[in-house]
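*Asks:* Here the protein sequences come in this chain order: A, B and C. So the first sequence is numbered by numbering that gives the first Met the number 0: it starts at 0 and just counts up by one. So the second sequence is numbered by numbering that gives the first Met the number 0: it starts at 0 and just counts up by one. So the third sequence is numbered by numbering that gives the first Met the number 0: it starts at 0 and just counts up by one.
Keep in mind that the hints are not guaranteed to be accurate.
As the list claims (entries may be wrong) - Ranges of calculated distance between the beta carbons of each label pair, as one might list FRET restraints:
1) A:Leu8 <-> C:Ser126: 21 to 31 Å
2) B:Asp6 <-> C:Asp111: 38 to 48 Å
3) B:Thr32 <-> C:Pro269: 17 to 27 Å
4) A:Glu7 <-> B:Leu23: 32 to 42 Å
5) C:Thr139 <-> A:Arg4: 23 to 33 Å
What the hints assert, rightly or not - Chain B is faced by these chain C residues, among others (derived, beta-carbon under 10 Å):
6) Asp83
7) Gly100
8) Gly106
9) Asp111
10) His125
11) Pro129
12) Leu132
No wet-lab data here; the hints were simulated from the structure. Glycine included, C-beta positions come from ideal geometry on N, C-alpha and C.
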Amino acid sequence: MRQTRATELSTGLFVLLGFAALFFLTTQITNRGLSLGDPGYRLTAKFENIGGLRVGAPVSMSGVKIGQVEGIDFDNSEYKALVVMHIDPKYNVIPDDSDASIFTAGLLGGQYIGIGVGGSETYFKNGDQITFTQSAIVLENLVSKFLFSFTGKNGKDEEQAQPPPAEDKPE
Amino acid sequence: MIAAAQDLWLSLRRALETLGAMTLFLGRLAAYTPVAMTRFGLIVEQVFNAGALSLVIIMLCGLFIGMVLGLQGFELLQRVGSEEALGVAAALGLVKELGPVTTALLFAGRAGTALASEIGLMRATDQLSAMQMMAVDPVRRVVVPRFLGGVIAMPFLAVIFSAIGIYGAQLVGVQFMGVDAGSFWSQMRAAVELEDVLEGVLKSFVFGVACSLIAVYEGFNSIPTAEGVGRATTRTVVISAVATLILDYILTAAML
Amino acid sequence: MSSAKTAAAPVPGAADANDVIVEIRDLYYGVGRRQVFSGLNICIRRGRITAIMGPSGTGKTTLLRLITGQIVPDRGTIIVDGQDLAKMNRRQLYDLRKRMGMLFQNGALLTDLDVFENVAFPLREHSDLPERLIRHIVLTKLHAVGLRGAAQMTPGELSGGMARRVALARAMVMDPDMLIYDEPFAGLDPISMGVVLRLIRQMNDALGITSIVVSHDVHEISTVADDSYLLAEGRVVASGSPKELHASHSAIVQQFMTGMADGPVPFHYPAPDYTTQLLVRDKQ
Numbered sequence: 000m001r002q003t004r005a006t007e008l009s010t011g012l013f014v015l016l017g018f019a020a021l022f023f024l025t026t027q028i029t030n031r032g033l034s035l036g037d038p039g040y041r042l043t044a045k046f047e048n049i050g051g052l053r054v055g056a057p058v059s060m061s062g063v064k065i066g067q068v069e070g071i072d073f074d075n076s077e078y079k080a081l082v083v084m085h086i087d088p089k090y091n092v093i094p095d096d097s098d099a100s101i102f103t104a105g106l107l108g109g110q111y112i113g114i115g116v117g118g119s120e121t122y123f124k125n126g127d128q129i130t131f132t133q134s135a136i137v138l139e140n141l142v143s144k145f146l147f148s149f150t151g152k153n154g155k156d157e158e159q160a161q162p163p164p165a166e167d168k169p170e
Numbered sequence: 000m001i002a003a004a005q006d007l008w009l010s011l012r013r014a015l016e017t018l019g020a021m022t023l024f025l026g027r028l029a030a031y032t033p034v035a036m037t038r039f040g041l042i043v044e045q046v047f048n049a050g051a052l053s054l055v056i057i058m059l060c061g062l063f064i065g066m067v068l069g070l071q072g073f074e075l076l077q078r079v080g081s082e083e084a085l086g087v088a089a090a091l092g093l094v095k096e097l098g099p100v101t102t103a104l105l106f107a108g109r110a111g112t113a114l115a116s117e118i119g120l121m122r123a124t125d126q127l128s129a130m131q132m133m134a135v136d137p138v139r140r141v142v143v144p145r146f147l148g149g150v151i152a153m154p155f156l157a158v159i160f161s162a163i164g165i166y167g168a169q170l171v172g173v174q175f176m177g178v179d180a181g182s183f184w185s186q187m188r189a190a191v192e193l194e195d196v197l198e199g200v201l202k203s204f205v206f207g208v209a210c211s212l213i214a215v216y217e218g219f220n221s222i223p224t225a226e227g228v229g230r231a232t233t234r235t236v237v238i239s240a241v242a243t244l245i246l247d248y249i250l251t252a253a254m255l
Numbered sequence: 000m001s002s003a004k005t006a007a008a009p010v011p012g013a014a015d016a017n018d019v020i021v022e023i024r025d026l027y028y029g030v031g032r033r034q035v036f037s038g039l040n041i042c043i044r045r046g047r048i049t050a051i052m053g054p055s056g057t058g059k060t061t062l063l064r065l066i067t068g069q070i071v072p073d074r075g076t077i078i079v080d081g082q083d084l085a086k087m088n089r090r091q092l093y094d095l096r097k098r099m100g101m102l103f104q105n106g107a108l109l110t111d112l113d114v115f116e117n118v119a120f121p122l123r124e125h126s127d128l129p130e131r132l133i134r135h136i137v138l139t140k141l142h143a144v145g146l147r148g149a150a151q152m153t154p155g156e157l158s159g160g161m162a163r164r165v166a167l168a169r170a171m172v173m174d175p176d177m178l179i180y181d182e183p184f185a186g187l188d189p190i191s192m193g194v195v196l197r198l199i200r201q202m203n204d205a206l207g208i209t210s211i212v213v214s215h216d217v218h219e220i221s222t223v224a225d226d227s228y229l230l231a232e233g234r235v236v237a238s239g240s241p242k243e244l245h246a247s248h249s250a251i252v253q254q255f256m257t258g259m260a261d262g263p264v265p266f267h268y269p270a271p272d273y274t275t276q277l278l279v280r281d282k283q
C-alpha cells in the first residue's frame, strides 16, 4: 500500500537490532557465555568446605583458566560439597592424580579452584572425579586455629587465649 | 480541613475509577488481539512508529547514561579501591533497573504522547465516529494495533538501551579512565547471570504494557477538543511515569 | 400532498408502509438534564431527499446518531427498513450500517490515509475484492464527485469542499440504500455549495437511494429537498415540502425560514431585569 515497504524494512531492522542487543547482553556479559553445542568435558570433586565458591568461578591450572565451575551440590551420603567443573576441551591431558584446591584471588577477592598437577600417566576423562581435594580456608577457622595453638603451648584454658593485639605477630 | 479531606477522598475515588476503567480496557484490548493479528501490516506500522522512530532518542540517552555510570561509578568505586568492579556495577545497574525504567519513561514521553494525541485527534475530528458509522470497530482498527506496537517495541528498546549503555560505560571506564579491560569484562561476566537479563526484559515488557495501555486509553477517552487532547497527552506522561516506578518496585521486590 | 402542518404528528404525503424507509415514532431522548427530544415523529420516504432543519442545538446530529443506532433512545421506536433498531444486536446493527452512507460535518477523513485509501477504506474492511476491482470502484466514485485527479492527495492538502466531496465518494463506495448528510453546506463558499447541492440531487436520482440532509442552510436545501421537517424544542414543528413551509403561517416556521433575529426563538438569553441589574452595579 502506502510506503509500507520502507516501513517494513525499517521495522525489520529495528527488531534485528533489538535481537542483536539481546544476544550481546545474554552472551557477552553473563557468565554462561556462548555454550552452544558445548564441547569440553566435566570433572567432579568433593570438598569439606567450599567457602565462598560460586557457580561460574574459574578453574585454573598454574594460574591459567582452563574451565569454570558449572554446578555446586551437596552429597548426602558423604556430607560433603560436590562441585561440577566444566573443562575446556583443549586441556585434556590432566594427570588423574592431580588435586583440586580452593584458593582466594587476592586478599579479599572471589574464590576459584586451582588444579595442582600430579604425576600419573593416565589422564582425566569426562565424568571423572578428582579424589585429592583441599577445602577453602575459612578465615574464622584460621584465627581460632591460631588461638588454640597459642593456648596449647601454654597449657592454659581457652579463656586466657585472648592475646592483646600488641603481642600478636605483625598482621 | 474537612474540605481538603473530602477533596482527597474524591481524588482517590477518581483514581480508583480510572484504574478500574483502564483494567477493563486492557481486557478489551487483549480480547481483540487475536483478531488484530490478522492485520499484521497495521501492527508492523505501529511497531515502526513506536519503536524505530524512538531509536535515536533511546540510543542517545542510553549512551550518555552509560557514560555517566562509567564516570560516576569509577569515581565512587575508586574510593573503596574496587574500580575493576565497574563492569559489574554498570552492567547490573543498567540491565536490571536503569534500562527498563529509563526506556519506559522516554517511551512514555515520545511514543506515548504520540499515541495519545493521535487517537485523541481522531476522536476530536469524528474519525472514530465515522469508522463506527462505516461498521468498522475503531478499537480493533485503530487502538489495538497501536497498543500492540508499543508492547512489542518496548522490550527491544530497553535491551538496546542497556547494550549501548554498557558500551558507554566501557568507553568511559576503560578507554578514558584506564580501568583494565580484562577485569572489567571478566568480573562482569562472573557476576551477571542470565536471570538478571531476563528479569530486565520481563520488566520492560510489563512497563510496555502499562505505558501503551495508558497512552491509548487516555487518547481514546479524551474530550474531543483541542484542549482535551492536550490534557490527555499530559496525563499520559504523568500517569505512565508514576505507574512505571510503582510497578518497578513491585516487580523488583517480587523477583528478588 | 397535504398542506403544511404545525405542531406534532406530521406525515407529508401518502406515506403507506412501503414508501417509508425510516420511521421514528414518539421519540424521547435526554442527556443529563437536557431533554433533547420529547415526542418526535418523522417519516422518511424511500427514494426522496428529506431535509431536517432547525435552529442550532436542537439535536439534529443526535437524531442522526439515533437513526444509525449509535445511541439508544429513552423512549419510542425507530424503524429502519422494516427493522426495529431496539431489537437488533450489534452484528445486525453493523450490517445495517453497511447499507447506509454518512457524510460527517467536516468530512471526517482518516488523516493517515490518502484520498484513494480513504475512499477504499470500507471496501478493504468489509470485502475481499481483488485490488483491481477496488481500484476500479474507487476511481469511479471519485469521478462521480469530480475528484478522480486528487486520488493521491492527503486529507491535509484538501480544501473543505474537496474533503467533503471525498467523504461523499467514500460514503457511496459500498452502494448504500441511504445517504445521510450532516450539515453538508456548513462553511462552504458558494461554488462549493453549488457543487455539493448538485451532487446530492444527482446521487439521489441516479442511484435511486434515499437521502437525509440535516442542515440549516434554508435556501440551499430548499432547492433540492422533496420533504422537509423543521425541529424545535425537541419536536417537529412543521413538515411538508419546502414550498409549503415557506407559505406556513406559524411564527416559529416563519422566523426560521426568513431568518428573523427575534421571534419565538428569542434574541436574548434569559437574564434578570436589565434596569435592575444596571442599577445594582451603579450603587456599588
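*Asks:* Which hints from the list above does the structure break, by number from lowest to highest?
*Replies:* 3, 6, 11 and 12
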